[in-house]
Each structure stands twice: as C-alpha cells, then as structure tokens.
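Trainee: Single-letter residue listing:
Protein chains: 2
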Amino acid sequence: MWEDYVRTVEPYVPGEQPKVSNLIKLNTNENPYPPAPGVFDVLKNMDAVSLKKYPDPTCSVLVDAIADFYHVDSDRVFVGVGSDDVLSMAFLTFFNSDVPILFPNITYSFYDVWANLYRIPFKQIPLMEDFSVRKEDYFVPNGGVVLANPNAPTGANLPLKDIEDIIEHNRDQVVIIDEAYTDFGGESALPLIDKYENLLVVQTFSKSRSLAGLRIGYAMGSRKLIKYMLDVKFSFNSYTMNTPALLMGAAAVKDREYFEKTVAAVIKTREWTKGELKRLGFSFADSKTNFIFARHESVPRDYIFKRLREEKILVRAFNGDIIKDYLRISIGTDEEMRVVIDTLEKILGEFENA
Amino acid sequence: MWEDYVRTVEPYVPGEQPKVSNLIKLNTNENPYPPAPGVFDVLKNMDAVSLKKYPDPTCSVLVDAIADFYHVDSDRVFVGVGSDDVLSMAFLTFFNSDVPILFPNITYSFYDVWANLYRIPFKQIPLMEDFSVRKEDYFVPNGGVVLANPNAPTGANLPLKDIEDIIEHNRDQVVIIDEAYTDFGGESALPLIDKYENLLVVQTFSKSRSLAGLRIGYAMGSRKLIKYMLDVKFSFNSYTMNTPALLMGAAAVKDREYFEKTVAAVIKTREWTKGELKRLGFSFADSKTNFIFARHESVPRDYIFKRLREEKILVRAFNGDIIKDYLRISIGTDEEMRVVIDTLEKILGEFENA
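For the record, the sequence lines run as chains A and B.
Sequential numbering of the first sequence, starting at 1, is according to the working numbering.
Sequential numbering of the second sequence, starting at 1, is according to the working numbering.
Honestly, the hints are just simulated from the structure, not real lab data.
Hints are all accurate, no fakes.
Chain copies aren't distinguished; within one or between two, either way the pair holds.
Derived DSS-like pairs: lysine-lysine, alpha-carbon spacing no greater than 27 Å straight-line:
#	residue 1	residue 2
1	Lys268	Lys161
2	Lys19	Lys44
3	Lys19	Lys324
4	Lys53	Lys254
5	Lys254	Lys44
6	Lys312	Lys53
7	Lys53	Lys261
Produce the entire structure from the sequences given, and follow the hints as far as they go.
Mentor: Now the structure itself:
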C-alpha cells in the first residue's frame, strides 16, 4: 500500500490569519507600521514583464544590501523564504550527529517539528521558573545547540555574555542563535561571528522590517557555514526568493533611519503596555521583543482570550504544561494598545463582578 | 569538529542568469511573452502596506484559482515555491521505502539530487536510444516512480496510455508525473487523478504562465495525497508563498484565453524552428515542450555553444555521457528564433569553410 511509505508528521499550526477585517490583529507578532518608503517606490516601479524571467538565484541585490547594513561580506550572508526556511535548512545542513541537539522545552515551536522531520535526535532542556535559560544546562555533550534569543513565546532575553559562554562550551558543534526579535531590544550575537566559525545568527524581515508578507529570512556566519548552507539550498531549489521579494527586501534594508524609527516606536509602546498590564494584574517576563507573554493573577486565560476575540481583538494562546496560562500579545500601534488595555480593563471588571 | 556533522551534497548548478542585457536568453526555458494582462493590473494595485502582514498560509486565493481552472476541488491542489519545492516536498513525503525509486537516467537533474539529500534509494533507468521511455522498465518492484513528461531535457513525450500503464503496474507506491512542459503539446495525466489515488501530477507557472520570476509550482492528486503533503509542508514552513506570488499567480491563472494564445504562439514558433534546424543538419527527438534538444550531425556541440555565446545568444549545454553532444534551445519569439537560425547558419558555414 502506498500509504505505508508516507512520512507522517505532527503539523505545526500557525497563528490564525483571519480573513475578516476590522480586527485588531495581535496574534502573529507582525509590525504595526508599514514597510519603509523605498518599498513603496520599488513596488510602484516594478515591471510585470520582468516576471517572465527567473530571479537571480544568488539573490545578490538582497544579499548585498543585508551585507552592507551589517558591515559583513556578502559571502557570509544566506537568504531564504522567511527565517523558517533558513532555520530548517540549517537544521538539515548542520545537525547530522547521533548525539541529541539541545534547545529549551519552551521555545519556538518549529524546532522539535524540524528535528522530527529530519530524524535529528534532540533533547528539550527545561527553562527556569522565571522562563530564563540556565546556561550550564548547555555545557554537556550534544550534537548542536539552538537558542531563540530573545526567546519565543516568552520574550525573555539571555545576556550576550551567557550566549558567548554557551558557544565557548560548544566549539565542536554548530550553535544557532535565532534572533527573530532581537531588534526590539535584545543583544545580537552578530559581533561574535568573526570569533566563532561555528556560530550561525538567524534573523528575519517579518518583524522589525514590516515585511512578513514577502517571506524573507537570513543567516550570517562564517564563510564556511554559509557555503555549506548554500550547497544544500541549491540542491533543494535554486530559485526560492522571487523577484518582488528580492527587490522590495533590498529597498527595505537600505533605509536604516526608518528602521530605527519604527523599532523605537514599537519599543516605546511595549514599555507603556507593560505598565498598564501590570496595573491590571498581569505578570510576565521582561520582554525584549514586539510581544508580551503574560498571565493574569486571577482571571482564567481562556476566558480573557475568548472575550477579547468577541471584542475583535485577536491574541495568541498556546497549549502546553506551563504556557497554557499565558496570552501572547503582539505590540500594535499606540492606538491599538490603548483599545486593548481599555478592553482588558472592561473584561476583567466584568469577570470580577460576575 | 563541527564540520563532521555537516551534510555535504553535490549542488545542482542552475542555468546561468546573466546580469548583462541585450542577450537572446534561450537557456532556461522561460516564456518569451509577458504574463497575462491581469498580472499587470494586480501589480499596479498592490498595496505595500499589506506586506506587513503574513500571507494567507492556506494560499486560498491561488489554490482556488488553480482548482477552478482545472475543474478540481481546492483540497486536491497543493502550491509551492516553484515546482522544485513541490517535487522535493513530494519526495520527502512519499518516498520512504527501502526499495529504490525509479526514474530515467536522462531526466530533470534534480531528482537524483533530492534522492541523495533525503537518503532515498534510487535506480536510474536508461532511456532508449531515441530518448524514449520503455514503459516495461517500470513494471518492476520499486519504492516509487517519477517521470517528467514531456521529459527534460530531451523534450520527448510519452503517450498517456503508456503513463497509465505504468501507473496500473504501480498501485502500491506513489507515482509522480512532472508536467512542467505539458501545456506545450503533451498529454497531461490530470484526467487520471480521479482513478488513481496514488498519482500526483506536478506543474508550474514558470513556463506556460510566463511567471518564472514569482516561483509558483503546484500539484494535483487525491485528497489523501494532498493532505499528506500539506502536513509535511506545514511542518517545514507555514508561510512559503508570499503575498505578491499569491495575488499575481491567481490573476495569471484566471486568464484562459491569454494562456491559450501565448502557448499556441510558442508551439507555432517551435514547429517553424524544428524545420529550420533540420534544414541546417540538426537532429532531435520530436519536442512537445518550449525547447528543442538538438545535436548537429557534423559540427561539435561546444563549438556551436561558444560561437552562439559570442554572438550574444545563450543556450544550455549539459555534461553527461549521451547528452554532451546536445544543445538545449528554448523557444523565444519568432524574431529571436529567426536571429538564432540566421546565426547558426553563419556559424555552421564558417566551420565548414575553416
């Protein structure tokens, strides 16, 4: 029977992308601000005739723009279809040991899915009670290390010196630092790629660059690491990044000023939101991301989630032992967050009076 | 040492995407005609603000448009980042037997690369001398069958009754028919997907839809096959198709009239080119694609390739035992092909007089 040879997997369920409008959508950590003005110009001037040709398989316009932004050489930059593509390619390329790879028990939900998909042995290390990573847990024999920093969905950040300590103890395997959220206040490990040949830093255009709709992720590391990834990538699919993504992505990364301005705005709104959430009785790890992962001291998570949804506010709720009490709330505009706080205040009040 | 755990592969080398202009580019089988007029409209009206949001992970606007075009249900359509993404996902999903999968020794050059990448055992079956597939070669125990039909890079087409005979003999494994070129005169196996639950038909927007630059491929098959592929896809990367690809792809597939008109134009030019190539001393299998795979009776392949390149005409030359004497010439516009024929006539004349 043909079904005997099918690879069956536990599929990841992404955050809802509702087709109804006038929702305040705070469930997938998108940026509330539009992409950089240069992206609008590129889109306006794009010629549909050019789409009959394959895109440049080396993605040089985008790779060079990223390299310029971070002051690294272009042969140390790898781009892919969102950081999921980049990370899964890195798992496939680098994690071929029989010894388990290590990552936290609470982290980005794709790591164990990719490990299962590629038959990579793995071990999930429990976080501390405050959601922090205990670095010594990663000082044991392993086939590789993956850390989201700041971590998802907790938002907690591990200081760069601890990250470096973990890399120091793992010179014989590849260490991947997944920095999807680092622009919102984390400390990037990027300065360490010159020192550690086995360190891969992965970032994305989906959050701080306001381009989730284009699907662009990238990795930076030693020439050797990037070369190995490119070899695997070219054996999958030579042309993954389409022409609109290459052109608009390059335009986005060139505008440092707009990037810094919008990131600062998100951070400011987040800090205001933290204060308000505390006032309303929520607790959370100190987020360095564009979301807050919070639980309420007395009102059940699912009640709040359901009532918010009824009020047309969409946030994210995960299942799982510890995190089932938490809501993940993406940071929107000031106006959106004011509506969220007012609505929460109303919902919590109703609950207490019921 | 971290390099001990790296997956090393033999990377596929794609056709050159030269950055110089005013070349006649006939090396990667792109369509010489622009995309459908609706694609221009969508591009003109696209709002860059929308790109801050993730695309619809179910890709419904594109999936539904493809389903409408082919009169199948939407849950029998899978879309991916070019047919390479779709095919590699199908290999990973369906080919998990210990018995080798089968495909021809001369065919699309990615099949053995994916098989190696995923550690899938495979056996390459020699084509007949005229580049045809002998169907009986596929009536043996195997872990799956993949056939490009029409085949690449030969252009030869296997009649649908032979394809069905092969499927009939392989009911217990998945049979993939890769129909990247079928719109140019092949017989699609699509009508058979209702009859055979294990048949997957794969096509692309890169050739007949003039959208190589957007990276869109798709597969059609039984609900079960598509469901298994979606599960694996969602465990890789939930958001592979970006917003521009979804919107412009849907617009392209909706215009049946333009599609039929441009495909007919390519076929007409191809038939004229065949006559001219014969007149100039070339021989080739009867192509049902948008390219001709031809060898010259007396002038060496590499000489012609080099001289064409000097005359700013780029075609494709593959290495390998039998195919090293052949040029693959994509079909351009009438005007481009007239230049190609005139140039070939000049080059061949020079060679004979040298």
